[in-house]
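Asks: Those sequence lines, one after another, are chains A and B. Numbering of the first sequence is given in my numbering, commencing with residue 2 and proceeding in unit increments. Numbering of the second sequence is given in my numbering, commencing with residue 138 and proceeding in unit increments.
Treat the hints with caution; some may be incorrect.
[What the hints assert, rightly or not] Mimicking DSS-like on lysine-lysine, the simulated pairs with C-alpha atoms at most 25 angstroms apart in a straight line are: (1) A:Lys166 - A:Lys81; (2) A:Lys223 - B:Lys240; (3) B:Lys468 - B:Lys449; (4) B:Lys140 - B:Lys155; (5) A:Lys223 - A:Lys304; (6) A:Lys304 - B:Lys438.
Simulated from the structure, these hints should not be mistaken for laboratory data. Because the structure is a prediction, the values reported are computed rather than measured.
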Amino acid sequence: MRVSERRSLFGQWWSSLTLDIYMQIAGIVLVFPAIFLLLALLIAPFTFIIWSSLIKKGETGLGLANYSWLLGRTFLPSLKNSLIIGVGSVALEILAAVPLALLLNQRLYGRGIFRALVTLPWAVPTISVAASFLWLSNTNYGLFNQIGLASGILSLPLAFLGDPKLAMPAVIVAHAWKGLPLVFIIIFAALQSLPSEHLEAAKVDGAWGLSQLRYIILPHLKTAIGLAAVLSGIYNFALFDLTFLLTGGGPSGTTMTLPMLEYNQMFRSLDTGRAAAVGLTIFLVGVLALALLFWLNTQDRKKRGLR
Amino acid sequence: MAKIELQNISKTYPREAKPAVQDLTLHIPDGQFVVLLGPSGCGKSTTLRMIAGLEEPDSGEIKIGELRVNGVPPQRRDTAFVFQNYALYPHMTVAQNIGFPLKMRGLSAQAIRQRAEETGRVLGLEALLDRYPGQLSGGERQRVALGRAIVRDPAVFLFDEPLSNLDAQLRGDMRVELVHLQRRLRATFVFVTHDQVEAMTLADVIAVMSTGVLQQLGTPEQIYQQPVNLFVAGFIGSPRMNFIEGNLIAQDGMTFLKSDLLELPVRKCLPDLAANPQARIILGFRPEDAQLTPTGEVELKLELIEALGSQKFIYGRTSQGQQLVVGVDPKSHLAVGDVVNLTIPPDGMHFFDAETGTRLSRHQA
Ligand SMILES: Nc1ncnc2c1ncn2[C@@H]1O[C@H](COP(=O)(O)OP(=O)(O)O)[C@@H](O)[C@H]1O
Ligand SMILES: [Mg+2]
């Protein structure tokens with residue numbers, strides 16, 4: 002129908018608007034609540050944090066003093082610790098989650114119960130995780146030491162969380178335990194989406210056992226493992242409470258993390274500016290990790306002619 | 138190259154009441170193109186998967202060549218399997234997909250590439266070797282799957298409805314290619330399909346299956362011309378064979394088929410049956426076997442005309458209400474509402490026991 006005909010039908014100015022324009026107007030009206038929420042919940046606080054990070058404690062002008070402080074001896078060790086916790090715990094999680102997913106994907110008796118058990122730590126509050134971990138690793142009566150001593154692996158009980166050499170590994174293990182469910186679920190879902198025909202084709206083609214894992218299963222899981230690693234890595238990198246409750250950053254600062262540094266700056270030193278600068282760094286590391294992941298995925302998909 | 142022998146194979150899936158395959162015995166000579174044909178769910182794929190080792194039979198024996206392969210894992214059975222959805226590895230290029238079976242055999246990268254290129258050339262894939270499956274059309278993917286099968290020269294080729302995702306044109310082309318391929322390789326092909334046209338065009342021998350049971354084994358001509366039971370008779374041929382149930386009665390030296398809806402002289406001798414007027418039998422004749430003649434003994438009023446170009450079928454009803462389909466000269470001028478007379482030549486008549494469904498006669502004069 003031509004525009005002129007339609008105008009004669011309806012006799013209104015708006016009848017000459019095309020459907021496209023109606024849709025565009027409707028679209029703008031409909032996204033308005035979302036834009037408002039975004040502004041109120043994300044952009045405003047974010048702007049405020051950036052603003053705060055530019056103000057040195059006790060001064061009023063804007064500057065980069067808080068950022069130059071980041072280059073000093075307080076911040077960098079914490080950054081390193083947080084990175085170690087993030088990377089280390091994720092490595093453990095994936096090393097545990099992939100075999101678990103493979104196992105629980107088999108036709109096993111009671112696998113439903115085990116799947117539920119593996120995902121349970123996600124529902125346990127961090128304080129309970131920390132409390133049980135403190136109890137398990139206690140020097141005098143903790144289960145770890147008792148098993149170690151009884152089996153002869155240890156000759157003396159270890160202070161897992163009090164020893165500067167052992168505290169970091171212990172904190173990493175605790176994070177891995179807490180973060181395992183997320184990684185497991187992502188990898189398990191990906192594994193279930195692997196068409197059984199691919200495995201069957203591989204079998205007929207002569208691949209089984211480890212070669213099937215290497216050439217068919219792991220390549221299929223690659224994207225999911227990357228996603229799980231980055232998501233859980235960011236989570237553990239930025240997790241405040243678990244380390245805080247286990248070691249409080251000690252012994253002698255060996256487990257001091259960025260979120261804990263931010264907390265200390267904010268609530269102990271009452272230095273909003275430095276706290277904001279630390280917070281932004283945490284955020285930035287997460288964004289960079291995500292960006293890297295998406296970039297890698299996009300490259301991979303492009304190479305394979307997918308969108 | 139090898140023969141395949143299935144001896145009294147049965148398979149019931151866990152937690153299923155009915156067996157998927159039941160007491161199947163099938164001997165496939167070396168170098169034959171055998172098609173397993175039957176409706177969806179009749180156990181064709183299960184049979185094929187048991188040959189490949191992807192499923193184990195509950196009982197019975199499977200031999201490939203001289204080797205009993207029960208319990209032998211798929212990777213040691215030397216079969217190639219082409220799946221309906223191709224099952225190409227999405228993270229490997231075409232060359233890598235084709236070369237994968239060789240890689241698993243430990244060939245050098247150079248040898249693999251060379252064989253993949255040769256195979257690619259045979260299948261017209263040279264230009265696509267470094268693409269990924271995601272960058273290929275359905276027909277090209279099908280070729281890659283075929284390439285992955287032929288690259289390593291297996292003892293037997295197994296195909297599970299590999300053409301059903303292709304458009305009609307491509308499917309026709311691929312059929313021809315498959316036949317050529319099989320002739321060239323002289324390999325044993327077992328091909329599963331529910332499409333009778335596909336089966337007819339491809340097969341040296343067709344095995345018709347229904348509800349897990351082998352119904353008939355024979356050449357396409359045998360299956361079409363002498364179906365052993367009602368199932369095969371009804372399944373093969375399109376439109377379906379006409380079936381009329383009734384009794385045979387002998388009268389005045391003639392035999393008649395008497396049903397509620399029709400009384401038909403049967404010029405084919407079935408003396409034993411005619412002697413027993415209680416026996417219910419089913420007469421079947423194919424639409425294309427009936428002939429229109431002015432003296433024909435059956436009168437048919439036309440209700441629908443199906444013109445397919447090279448063929449024309451008329452659907453109609455006798456005055457008593459028996460529905461029949463008849464193939465006619467595609468150039469004939471007929472209209473809905475016309476009344477035609479048709480005759481069924483003795484050669485075109487198939488008789489089945491109404492109770493058991495089995496065929497009652499071979500061709501008799
Ligand atoms: N993995 C399975 N588990 C349970 N039942 C199955 C399975 N695969 C097939 N079946 C059943 O076995 C029967 C035969 O299946 P199938 O061999 O796939 O038939 P076809 O290939 O002829 O369509 C069907 O009734 C189907 O539902
Ligand atoms: Mg099937």
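Asks: Each hint should be assessed against the structure and marked as holding or not.
Replies: Taking the hints in turn, this is what the structure says about them:
1. A:Lys166 - A:Lys81: OK: Lys166 (chain A) and Lys81 (chain A) at ~15 angstroms, within 25 angstroms.
2. A:Lys223 - B:Lys240: The hint holds at about 21 angstroms.
3. B:Lys468 - B:Lys449: holds, 8 angstroms
4. B:Lys140 - B:Lys155: violated, 29 angstroms
5. A:Lys223 - A:Lys304: holds, 15 angstroms
6. A:Lys304 - B:Lys438: violated, 64 angstroms
The structure does not agree with the numbered hints 4 and 6 stated previously, though it agrees with the rest.
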